[in-house]
Amino acid sequence: TQLLEQSPQFLSIQEGENLTVYCNSSSVFSSLQWYRQEPGEGPVLLVTVVTGGEVKKLKRLTFQFGDARKDSSLHITAAQPGDTGLYLCAGAGGSTLGRLYFGRGTQLTVWP
Amino acid sequence: GAGVSQSPSNKVTEKGKDVELRCDPISGHTALYWYRQSLGQGLEFLIYFQGNSAPDKSGLPSDRFSAERTGGSVSTLTIQRTQQEDSAVYLCASSFFNEQFFGPGTRLTVL
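Residue numbers (the working numbering), protein chains in the order written: chain A, 1 to 112; chain B, 113 to 223.
One or more hints might be untrue.
[Unchecked claim] Computed beta-carbon distance windows for the label pairs:
#1 Ser139(B) <-> Val44(A): 26 to 32 Å
#2 Asp67(A) <-> Gly128(B): 50 to 56 Å
#3 Lys56(A) <-> Arg193(B): 44 to 50 Å
#4 Glu38(A) <-> Ser139(B): 22 to 28 Å
#5 Arg193(B) <-> His75(A): 45 to 51 Å
#6 Phe10(A) <-> Thr182(B): 36 to 42 Å
#7 Gly183(B) <-> Ile13(A): 46 to 52 Å
#8 Val186(B) <-> Leu58(A): 32 to 38 Å
#9 Pro8(A) <-> Arg176(B): 32 to 38 Å
#10 Lys57(A) <-> Pro167(B): 36 to 42 Å
In short, the hints are calculated from the structure, not lab data.
Where a beta carbon is used, it is the ideal one built from N, C-alpha and C, also for glycine.
Taking the hints into account, I'd like the entire structure generated from these sequences.
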């Protein structure tokens, strides 16, 4: 059973377009993280959101945590080829203390 | 470097052989995780160590998989009698609070 569902699974867009990736769950999380993974490397943390309704911006990336702390979204403005990668959301606060529950990821490809 | 290291980076083995994968976490990190990632897929949780607590083994796919963490630091993931479906990248991560720091992974190929 996947606690976190990400959509879409694949996204292929042209440079300059905007996009949104969704991460949904029926479970409440104490915090939610977004990671990005590039080929041949391990995932790297982008942001942690903790408070329901919280919005964080990282340059062209905007992260939002749902009011009920069950869902999150990642919006990228004016995507660039350097944004290409696998985006993973991960929730903390499930049944096992300290464990993160990862979604399956969204593979983003941005074409020049 | 002070990051998570894994060895070997690549491992090719024959079906039926045993393999050991090693993870050196960041010094001082109390938590250590193993994940498996198939090509183009997300992370499949395998096992989680936290301090001296009993590990969470709920993600291990079969009894051919085992892991240990010696002295609260280095961890070894052992796969016995490897099968072709075990081919994947095995990622290790360590953390102190919630942020996980990942190693580069070991790419396992079972022929």
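These are the hints, each one checked on the structure:
1. As the Cβ distance of serine 139(B) to valine 44(A) is approximately 19 Å, the hint placing it in 26 to 32 Å is violated.
2. Checking the proposed 50 to 56 Å range against aspartate 67(A) and glycine 128(B) shows it holds: the Cβ atoms sit about 53 Å from each other.
3. In this structure the hint that lysine 56(A) and arginine 193(B) lie 44 to 50 Å apart at CB holds, the actual value being about 46 Å.
4. With their beta carbons about 25 Å apart, glutamate 38(A) and serine 139(B) fall inside the hinted range of 22 to 28 Å.
5. Distance hint for arginine 193(B) and histidine 75(A): a CB-CB separation of about 46 Å, consistent with the stated range 45 to 51 Å.
6. Taking the beta carbon of each, phenylalanine 10(A) and threonine 182(B) are about 40 Å apart, inside 36 to 42 Å as hinted.
7. The hinted range of 46 to 52 Å is satisfied by glycine 183(B) and isoleucine 13(A), whose Cβ atoms lie roughly 48 Å apart.
8. Between valine 186(B) and leucine 58(A) the Cβ separation comes to about 33 Å, which falls inside the hinted range of 32 to 38 Å.
9. Roughly 34 Å separates the CB atoms of proline 8(A) and arginine 176(B), a value that falls within the hinted 32 to 38 Å.
10. The hinted window of 36 to 42 Å between lysine 57(A) and proline 167(B) holds, with their beta carbons roughly 38 Å apart.
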